[in-house]
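Listed below are the residues making up each chain.
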Amino acid sequence: MQASRASQIMPPPDVPPPVKLPRSLTLLSGLVTRLASIAMAISALAMLLSFVLIGWSVVMRYLFNDAPVWVDDLVGIALVAIVMLAAAQSLRHAEHIGVDILVTRLAPRARRLARIWAALATIAISLVLIINGWETAMLARTLGLVTEGALEWPTWMLMLLMPIGGALLLLAAAEVLWRALIGADLVQTGHSTEGLE
Amino acid sequence: MSVALLFTGLLLLLFTGLPIFAGLALYGGAALLITQGELGSVTEVIFGEINRYLLVAIPLFAFMAHLMIRGRIVDDLYNTAYTLTRHLPGGLGIATITACTIFAAISGSSVATALTIGAVAIPQMLRFGYSPREAYGLVAAGGTLGILIPPSGPMVLYGVTTDTSIGSLFMAGVVPGLLMAAVFIAWTMTSAVVRRTHIAREPRASLSDALQAIRKSLWAISLPIFVLGGMYAGLFTATEAAAAGAWLALVIGVVVYRTIGLREIWDSAIDGCKVSAMLFMILAGASVFGHVLTKLRIPQQIVETIIANDTGAIGFIIVMMALIFVLGMFLESIAIILITTPVIMPALAHLDINPIWYGVLLVINLELAQITPPVGMNLFTIKAITRAPMGEIVRGSAPYVLLMIAVMGLVILWPQIALWLPGTMRAN
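Chains A and B are the protein sequences, given in the same order.
Residue numbers for the first sequence, in this note's numbering: 1 to 197.
Residue numbers for the second sequence, in this note's numbering: 1 to 428.
Please note that a few of the clues may not be correct.
[What the hints assert, rightly or not] A few chain A residues that face chain B, going by a derived Cβ cut-off under 10 Å, partial list only:
1) Val83
2) Thr104
3) Thr136
Hints are computed from structural coordinates only; laboratory data are not their basis.
Here a beta-carbon is modelled for each residue, glycine too, at the ideal position from N, C-alpha and C.
Excised from the complex, chain A in its bound form (with noise of 0.2 Å):
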């Protein structure tokens, strides 16, 4: 369950020689950082907030015979905005999951076009993640849909989460993509970690 510690695990990858970045991808990179820097934070807050207000429950329901029935809710709506938040900086450091079986193996400039074809797959799966998730908000606004359970939130307020989550991944994967096309290897694409292994 533990998966931090992946890119000293694997074997080193062969590492090209430096390449000087252009002005206009060191601003979209200084961006993205801030970005998703700012997003892991509340990543890491929603996290917290859930091991406190799980904690919190535990006590209530067994000192005071009173668990509130909100929190389950609240933690699992707070996993989806942990998961969106943090993607996209997992993403810029090469944490995500990835079979390089076959990739590791291939020449420089095929492994090249392996990355850009992964930025690329990254960045239709933001869209869809921005647009269907758009889509998807604004018509449960109109429908004035709310969350089922205790909360009863506006439905469409939460699954704001889809894109938002969608566009941090489509800034970080057109960085990758933007690096992996000019030869730079600064930000690897996703490759093999360890995950729940």
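On the provided structure of chain A, position chain B as indicated by the hints.
Positioned in the frame of chain A, the structure of chain B alone reads:
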């Protein structure tokens, strides 16, 4: 035929190296566009798939483990195990497996187990005359216990996917996990007696040394007892147990060890978020793919095939285990769980196969996946620690592959090895 084509296409796509979440979503999305002409509300499907209270157990268990590691609460585990077993033949090997077993009950991660214990155990074993191959194999295999002995991330995911009690799954992993550890220890002792007599044995630790060693690791050992005991007694759900365990780890680190401050808490929370992002993005992709499978009635087709071929429960299990063993050589655990499990759930129900039993067999198979080349995360871990040739590590792990298959065979033949403990749970 169409089922085989569908999965072959997915595997080929994944082998192009793109992130698994993107591969699953891309493939599923393309299939939706081809078969339905539109994506429908896929983001709603994804949202619903991630928005589950039970899944929060995974990042919270990761949070708990990181607090224990960052707080250096687990640092003395290996020395404690060594003090207690050093007089036995193969004492260092036994200590390694014992430390892996306890650490597995804290971390729930095979890689973390191999990484943490291996960094201490391998140099020690080499210094005492173990062959490198033997030391590498032992740690690689011992590390795999991380996902069989609870808590176990793959079990949480399997439980959520199949709507099976995670508490029961955890308990079902205990006896097979301890059996696996016992088999590894027996192999180590036998090897030491038969072939490794030149390895010097240390004198037995005095009672006071033994007690002192236990005292050093008492808090580390108390945590899994608290977490698993609470679940066994029906005091906590899996998610609550994860949160309660993290609270206990925090209190131990802050009050007893005084090694956990705000920095350690924050970094551990970030680690939990990273685990969530990696894992649940795959779940998001798999939910799109699973949506397509349902639309195409693939699970029903598989059930019809089983009925037509009259394989029977054991025949089906053996075929599935062989298939997952092959997949495990190339794919990582989460993808295997999320790709195969939803497809075969109706088949399990049709054949009256206990999903808890199947879940344990699946996890044992996923353990094998971590030490079978070419893609085996624990093999990579040992390589990263030692910089040893991969061939040496693979050869060292080979006997353990056979031992694990043997244990899997025992659990297939006697399901009660897995099912006895959950059957005695108070929650039942």
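Going through the hints against the structure:
A distance limit of 10 Å between C-beta atoms decides the matter here; for Val83/A the minimum to chain B is near 4 Å, and the interface restraint holds. Because the beta carbon of Thr104/A sits about 8 Å from the nearest beta carbon in chain B, less than 10 Å, this interface hint is met. Interface hint status for Thr136/A: upheld, as the beta-carbon distance to the closest one in chain B is roughly 5 Å, under 10 Å.
Going through the hint list in order, the structure satisfies each hint without exception.
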